[in-house]
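A.B. asks: These protein sequences, in sequence, are chains A and B.
So the first sequence is numbered by the UniProt record's numbering: it starts at 1 and just counts up by one.
So the second sequence is numbered by the UniProt record's numbering: it starts at 1 and just counts up by one.
Hints were generated in silico from the structure; no laboratory data involved.
Ideal Cβ positions, reconstructed from N, Cα and C, are used throughout, including at glycine.
Take these hints with a grain of salt, some might be off.
To be verified - Once the Cα atoms are required to be at most 27 angstroms apart in a straight line, the calculated DSS-like pairs of lysine-lysine come out as:
#	chain 1	residue 1	chain 2	residue 2
1	A	LYS104	B	LYS966
2	B	LYS121	B	LYS167
3	B	LYS104	B	LYS27
4	B	LYS167	B	LYS106
5	B	LYS148	B	LYS261
6	B	LYS804	A	LYS139
7	B	LYS221	B	LYS148
8	B	LYS932	A	LYS82
9	A	LYS118	A	LYS41
10	A	LYS233	A	LYS25
11	B	LYS82	B	LYS104
12	A	LYS82	B	LYS966
13	B	LYS933	A	LYS41
14	B	LYS954	A	LYS82
15	A	LYS118	B	LYS954
16	B	LYS933	A	LYS33
17	A	LYS104	B	LYS148
18	A	LYS104	B	LYS957
19	B	LYS210	A	LYS118
20	B	LYS210	B	LYS121
21	B	LYS727	B	LYS756
22	B	LYS923	B	LYS933
23	A	LYS193	A	LYS175
24	B	LYS70	B	LYS106
25	B	LYS148	B	LYS238
26	B	LYS261	A	LYS33
27	B	LYS966	A	LYS118
28	B	LYS957	A	LYS165
29	A	LYS233	A	LYS247
30	A	LYS165	A	LYS41
31	B	LYS954	A	LYS165
32	B	LYS210	B	LYS261
33	A	LYS41	B	LYS932
What the hints assert, rightly or not - Label pairs and their in silico Cβ distance ranges:
#	chain 1	residue 1	chain 2	residue 2	range
34	A	MET194	B	GLN973	56 to 62 angstroms
35	B	GLN973	A	GLU83	51 to 57 angstroms
36	B	ARG981	A	GLU83	50 to 56 angstroms
37	B	ARG981	A	VAL94	44 to 50 angstroms
As the list claims (entries may be wrong) - Per the computed footprint, the stretches of chain A lying under chain B, defined by three or more beta-carbons under 8 angstroms from a beta-carbon of chain B, are:
#	region
38	77 to 84
39	87 to 101
40	112 to 119
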Amino acid sequence: MVEDSQRNFRSVYYEKVGFRGVEEKKSLEILLKDDRLDVEKLCTFSQRFPLPSMYRVLVWKVLLGILPPHRESHALVMTYRKEQYQDILHALQVIHAIQDSTPKVNIHLQMHLLETGKRSHNLTSPLDPEDEAFLAITKAMEEMVDNDVDCYWLSRSFVRLLNTKYRDSLPQLPKVLEHYLNLEDSRLLCHLKMCSALSRLPYDLWFNRCFAGCLPESSLQRIWDKVISGSCKILVFLAMEILLTYKMKIISLNNAEAVRDFLENIPQENTDAVVSKAVALWHKHCGTPVHSV
Amino acid sequence: MAQQASSWERLFLIDSPSLEVQEDVNKFIKDSLSTDRGPTLVNNLVDYYLESNSEQAVLLLSTLQEPHDKHLLDKMNEYLSKSTSRLPTLTLLGHVIRRQPSWKHKLSHAPVFLSLLKCLKTEIDIIVLTTGILVLITMLPMIPQSGKQYLCDFFDIFGRLSSWCLKNPGHVAEIYLVHLHASVYALFHRLYGMYPCNFVSFLRSHYSMKEHLETFEEVIKPMMEHVRIHPELVTGSKDHELDPSRWKRLETHDVLVECAKISLDPSEASYEDGYSPVSQRGSTHSWHRLADPAVSPYMDVHSSSGSASSTPYSTPRLNVAQASGAPSARLLTESQQDCTWSPSTLCGLSTPPTSPGAILTETHQLFRPSCKVFGTSAIGKGMSFGTPATSPPPASAPLCISDEPGHPSLAAGMVPPKKEERPSLSRQQSVTEELTGGIKTVSLHELPEVIEGLISEQDSSEKDKEEGIRKGTFVAVCTEQSGRVPAAISKELSEITTTDREHVSPRGGFDSPFYKKEENLKKSHSASSAGQEPSMDQPTTPLLDGSGDMPKQAFTPIESASKYRGDGTAECQEGAGVLEMTTEIVTPSPCKIPIEGKVVSNNTFPYEHLFELAFPKTASVFVSRKTDDLLKKVKRNEQEGEERATSLSPAEVLDRLIQLGADAHDKELNKLSLPSKSADWTHFGGSPPSDEIHTLRNQLILLHNQVLYERFKRQQHALRNRRLLRKVIRVSSLEEQNAAMKDQLKLQEMDIQSLKASLHTEQARCQQLQDERNAEVTHLHGQIRQLQHDREEFYNQSQELQTKLEDCRNMIAELRLELKQANNKVCHTELRLSQVSQKLSNSESVQQQMEFLNRQLLVLGEVNELYLEQLQHKHTNTTKEMEVLQAACRKDLERALTCLSQQSQRLESSQKRIIEVEAQLAKKEILLLEQKKYLEDVKISARGQLQALEDRYKAQKRITQAFEMKILALYSQMERESWLRNPSEETAEVAEAMEERMDSTTALVSTFSSGHGEEPYGRNGGNNTCGSGSNGNELTTPERLPSHCQEVSVPEPSSRVPLTVGSYPNSNSFLGMRARELFRNKSESQCDETLPIHSLFQTSKAELCKEVSSETKIAPGLDTSILPESHQDPRAGQLHIMDYNETTQQN
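Chain A on its own, in the form it takes in the complex (with noise of 0.2 angstroms):
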């Protein structure tokens, strides 16, 4: 209750006259002060808002249950988590799975492999698409991440996440685009069914690895909020966005081909905006999520 008092009393008001995000800060820490961490009501809260990125990392090791809800435990936790790491790590040293002038993103993958144990001993056989997948989100989220613990186990939990919460519904996402899409803009819809361009669209990069290298990581992060606190629709919006920024483009090919090709290296630049107005167009169409704070 003091915490509260201390909050600035002009919070409430400043969403009202546009300007969002102020106290996303303030409440944020808010939240994260509480013993026991209200892991819904982050959720809500990075629906709601880009988080922090001082606080992103904390946020996304509780929201993928790399650190438990007690922030007693973090450390003894984190030890644990440390230890898993060096431990995995070691074996593949240990194996010679790895060497020392293995990439880390390989010294990953292999350590998710090992975790799973999925690990092949063919080195050379051809990667998994879902090996490809994790390569991509373990390469962005290293960019994201300093700490190699870090980066493993988010990356790793992320993978997890994907292929456990949303395995049903990600496949579902291509018929969900069309649909928001035939709402927004039919036209487009009409062009790219005419090419045929609809059924081959990079759906692989945009759900199965969530964007990650094809938007540059300070926007990425921002999807990744929203996926990891719980929505995968947002993947859906912020393809259907960057259809439609890239409109006269795509209406101009033909060719399934050179949209795909296209859509698969999109211009870097503007991509904020193009992830606000995502963002934007999602909570359009899904709603804000109650704020509960």
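Here the structure of chain A is known, so what remains is to put chain B in place on it, guided by the hints.
C.D. replies: Just chain B now, kept in the frame of chain A:
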């Protein structure tokens, strides 16, 4: 120059006999005048005129238009300064002025005017003087305003010439002096008429000097006798009469008439005044009062009393004459004639005052010829003689009247003594004359009345008379006014030729007064004047002597005139210009006789008779009838004459004739030798002067001038006459309108009368109807009254009946009331009866009760006594018991109370305790909750930690698997290497190993499937050694893996084996140790044997890997379902019930 030369040449052609040439030249000159502004042509014309005395040149010059006037005046001025050309220049000036050019106002400023004045002041030639004066007199009324600055000059000229007349410094012929005198007389009139105050003051100052006294006595005084006092002398002043506003309204002819008004000279004044100044006065006066419809007292007086009333204005002598005559006649007429015919009423009411003037003027013009005719026979005498002649018979009445107006003229001409005779004459006339005479006298004064009023109102017989009167008046007018109008009448009257007329008319136009005065002068100066006396006497004597002769004389004039004219013409033709003049001049008065010859004048007497005769009654009627027609004709003629101003009017023809005659005469005379001329003259009885011809010529010139002057005056009068005529016409039309209005008025009055009559009848009927109505009304009233009476009776009866009815009703009501009361009473009584009966019964019962009670009372009393007795017996025993009992009760009560208080205290304490215990219970519960929460937290955190540990464990498991796989791989490699060393043996062993392997794999699978169930044991065992276990594992793993392989390869049939096998990686328990030993032993023992089946191991490893992968695939389901159970310790399971967050965490 050529053109000028040609024009000059053409100038000579003006007088060419050919009319065409004349017209051409005239036209040419007019054209050139209109185009050329230079003075040459005008100068040439003037030169030509002076040379040739051409008529055409005069005509042209006198009609010169504006821009040329200056040249003309300059030229004339130039010639006027030369003595030789002075006379023709003056004549030309006279011609020009008489034309009244549009630039006449410039005359006064022109140098020629100054030079004219100078000439008049200095000239000694009497002809020039006379001409100049006439020109000046003509000019004066044209420039009344601008002429005032030359007043002194005018007066000087007058003074000089008047003295000249007397003294005759130039010693010219007297005949010239006569002319001069006449012109001076005219100047006198003009100056007196225009500037009376100035002139009188001049006269006063000039003739107060001794040297001029004689002139005054001789010349001025007689002149003054012919003027009356100018009104301006009374009302005006010297300055006032020079005031330009005075002249503004007046035209030239107005000025002339103004001047003529103040003249008493009949000839001078007659133009406007008619017969006498008095009558003129009246007429003018009445003319002034044109606008006045009401009759002014003055008019009444004037008209009623005739001339008598107007005496103040006219000279007494005339007034006496007329006043004495006219009133008496009028009185007579009034007494004898109808009342309507009184002159006073006529003039006062019905006569328009203007008409006399108009008629007079008309008559002037109309009857000028006749006047001439009449006048030539010596007007004065003829008239005088005529009056007595006409007076006796009624038929000759007109003549008598005509004579009467003649009186003034006569009287004017006569000397005072004769005037005195006139009254007597008039008296005689009045006595002798009949009614008509009276009427005529009236008509003389108020001719229009007679003409208009009488015509309409009088009877036919009277009309005849009036006609006669008119005729007479006409004649009279003619006699007075020497008109020169043509024609028709003169034709009818006599057989006068046009030429005669032409001759006669101008002569008639001459002023007789002038000649009278001349005669008077002559009388005074010369002996010949004596002839006058008889001539004057002659008319009077016949009057006085007897009227019998008079008619004859009265009738003579026509014939005599004609004869006389014949004589006159003869004389003229004979060259006796003087005679001509004299005849003309003399005609009005006998004065002429002495000049030319009394014979002529005497001859007139018979003519007068003839004239009278030629004027019979019938003729007079006829003349009167003709007058109206003539009036119109003459008017027309006059107008035509006016229009043809440039063309030759008869007057001009006369002028020319005179001139021609004079020229012819000159020629004749020139042809004749002087002696013969003288002989001729001697034959005529005059002195034979050597320069007779010259004199005659001059006289002719003078006469011509005079004639021109008179004509100018006539023209002016004609102008005025026209104006007056217009007014007359307007007045007559008004009169007619008036009459029409009167008729209408009468008709309306008639209507009114008839309407009034009908009104009366209607009123009568109305009255009758009203009476009838009244009667009926009264009758009806009676009926009404009777009916009312009846009605009242009935009413009374009904009233009575009603009262009876009322009474009955009242009675009934009373009865009913009584009935009601009775009923009430009955009811009441019944009620009371019942009450009483009830009471009765009650009282009875009460009595019974009383009795019963009394009895009871008695019984009770007895009982009471008994009880009293008993009481007295028992009273002492009962009180003791009671006291004891009470004390016992009290004690019991106290005991119970104490017990109660104790019980309540206990209750309270127990309740307090209960509360305390409950509070403690609540505290404990809260604590419990807190504890639970705390436990929850701890549980969750522990679960988190456990989760991490679980993960770690799994990872470790995976690591060990990886290690194992690695180890196995290494083993297989080692086996292969060893097998390669002795590849021949052990093939059978390989087969066995393969079989073992197969078994081991199945065993492994079974251990895996059942391993989970044993886990709790393992965990329980391994809890304490967890930290060291990992080290132990690492250390032991190389050893374990082979044992495991051995175990796999050599499965034990016991049920424990899979347990140990499944749990060995986890625990360091003795079982694990033993299993490891077993594995080690087996592996050591089998080391040699298993080499050949190493290849088989490879395949089996691949299969194992597949199994593991399939396991992991199933793992999620196992994890969720089995794991939670597995890692829940019993305490947790106990707490599970309180775990509120369980579901959320699981999710």
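A.B. asks: Now, for every hint given, state plainly whether the structure supports it.
C.D. replies: Each hint, compared with the structure:
Between LYS104(A) and LYS966(B) the alpha-carbon distance is near 22 angstroms, which keeps this suggested pair within the 27 angstroms criterion. Of the supplied pair hints, the one linking LYS121(B) and LYS167(B) holds, its CA atoms being roughly 16 angstroms apart against a limit of 27 angstroms. At most 27 angstroms may separate the alpha-carbon atoms for a hinted pair to count; LYS104(B) and LYS27(B) meet this at roughly 24 angstroms. Restraint check for LYS167(B) and LYS106(B): not satisfied, since their Cα atoms lie roughly 36 angstroms apart, outside the 27 angstroms limit.
For the suggested pair LYS148(B) and LYS261(B), the alpha carbons sit about 21 angstroms apart, so the restraint of at most 27 angstroms is met. Using a Cα cut-off of 27 angstroms, the hinted pair LYS804(B) and LYS139(A) is violated, with the two alpha carbons roughly 144 angstroms apart. Of the supplied pair hints, the one linking LYS221(B) and LYS148(B) holds, its CA atoms being roughly 25 angstroms apart against a limit of 27 angstroms. This hinted pair does not check out: LYS932(B) and LYS82(A) have alpha carbons roughly 32 angstroms apart, beyond 27 angstroms.
For the suggested pair LYS118(A) and LYS41(A), the alpha carbons sit about 36 angstroms apart, so the restraint of at most 27 angstroms is broken. For the hint linking LYS233(A) to LYS25(A), the alpha-carbon distance of about 25 angstroms falls within 27 angstroms, and the restraint holds. Between LYS82(B) and LYS104(B) the CA atoms are separated by roughly 23 angstroms; this keeps the pair inside 27 angstroms, and the hint holds. This hinted pair checks out: LYS82(A) and LYS966(B) have alpha carbons roughly 24 angstroms apart, not beyond 27 angstroms.
Restraint check for LYS933(B) and LYS41(A): the C-alpha separation of about 20 angstroms stays at or below 27 angstroms, so the hint holds. Restraint check: the Cα-Cα separation between LYS954(B) and LYS82(A) comes to about 14 angstroms, which is no more than 27 angstroms; the hinted pair holds. For the suggested pair LYS118(A) and LYS954(B), the alpha carbons sit about 14 angstroms apart, so the restraint of at most 27 angstroms is met. Of the supplied pair hints, the one linking LYS933(B) and LYS33(A) holds, its CA atoms being roughly 18 angstroms apart against a limit of 27 angstroms.
Taking the CA atoms of LYS104(A) and LYS148(B), the gap is near 155 angstroms; set against the 27 angstroms cutoff, the hint is violated. Under the criterion of a C-alpha separation no larger than 27 angstroms, the hint pairing LYS104(A) with LYS957(B) is consistent with the structure, at around 23 angstroms. At roughly 191 angstroms between alpha-carbon atoms, LYS210(B) and LYS118(A) are farther apart than 27 angstroms, so this suggested pair is violated. Restraint check for LYS210(B) and LYS121(B): the C-alpha separation of about 21 angstroms stays at or below 27 angstroms, so the hint holds.
Annotation: proposed proximity of LYS727(B) to LYS756(B) is violated, straight-line Cα distance about 42 angstroms (limit 27 angstroms). Taking the CA atoms of LYS923(B) and LYS933(B), the gap is near 15 angstroms; set against the 27 angstroms cutoff, the hint holds. Between LYS193(A) and LYS175(A) the alpha-carbon distance is near 13 angstroms, which keeps this suggested pair within the 27 angstroms criterion. Under the criterion of a C-alpha separation no larger than 27 angstroms, the hint pairing LYS70(B) with LYS106(B) is consistent with the structure, at around 9 angstroms.
Distance hint between LYS148(B) and LYS238(B) is fulfilled; the C-alpha atoms sit about 11 angstroms from each other, no more than 27 angstroms. Annotation: proposed proximity of LYS261(B) to LYS33(A) is violated, straight-line Cα distance about 153 angstroms (limit 27 angstroms). Between LYS966(B) and LYS118(A) the CA atoms are separated by roughly 14 angstroms; this keeps the pair inside 27 angstroms, and the hint holds. For the hint linking LYS957(B) to LYS165(A), the alpha-carbon distance of about 24 angstroms falls within 27 angstroms, and the restraint holds.
The hinted pair formed by LYS233(A) and LYS247(A) meets the criterion: a straight-line CA distance of about 21 angstroms does not exceed 27 angstroms. For the suggested pair LYS165(A) and LYS41(A), the alpha carbons sit about 19 angstroms apart, so the restraint of at most 27 angstroms is met. For the suggested pair LYS954(B) and LYS165(A), the alpha carbons sit about 20 angstroms apart, so the restraint of at most 27 angstroms is met. For the hint pairing LYS210(B) with LYS261(B), the CA-to-CA distance comes to about 32 angstroms; that exceeds 27 angstroms, so the pair is violated.
With a C-alpha separation of about 23 angstroms, the suggested pair LYS41(A) and LYS932(B) falls inside the 27 angstroms cut-off, and the hint holds. A C-beta distance of roughly 60 angstroms is found between MET194(A) and GLN973(B), which places it inside the suggested range of 56 to 62 angstroms. Between GLN973(B) and GLU83(A), the C-beta spacing of about 31 angstroms breaks the proposed range 51 to 57 angstroms. Taking 50 to 56 angstroms as the suggested C-beta distance range, the pair ARG981(B) and GLU83(A) does not conform, at roughly 43 angstroms.
Taken as a hint, the range 44 to 50 angstroms is violated for the pair ARG981(B) and VAL94(A), whose Cβ atoms sit roughly 28 angstroms apart. Counting residues of the region 77 to 84 of chain A whose CB lies closer than 8 angstroms to any CB of chain B gives 5, so the stated coverage by that chain holds, three being the minimum. Requiring three or more residues with a Cβ within less than 8 angstroms of a Cβ of chain B, the coverage given for the region 87 to 101 of chain A holds, as 7 such residues are present. For a cut-off of 8 angstroms, the count of residues in the region 112 to 119 of chain A with a CB near a CB of chain B stands at 6, and the three-residue condition holds.
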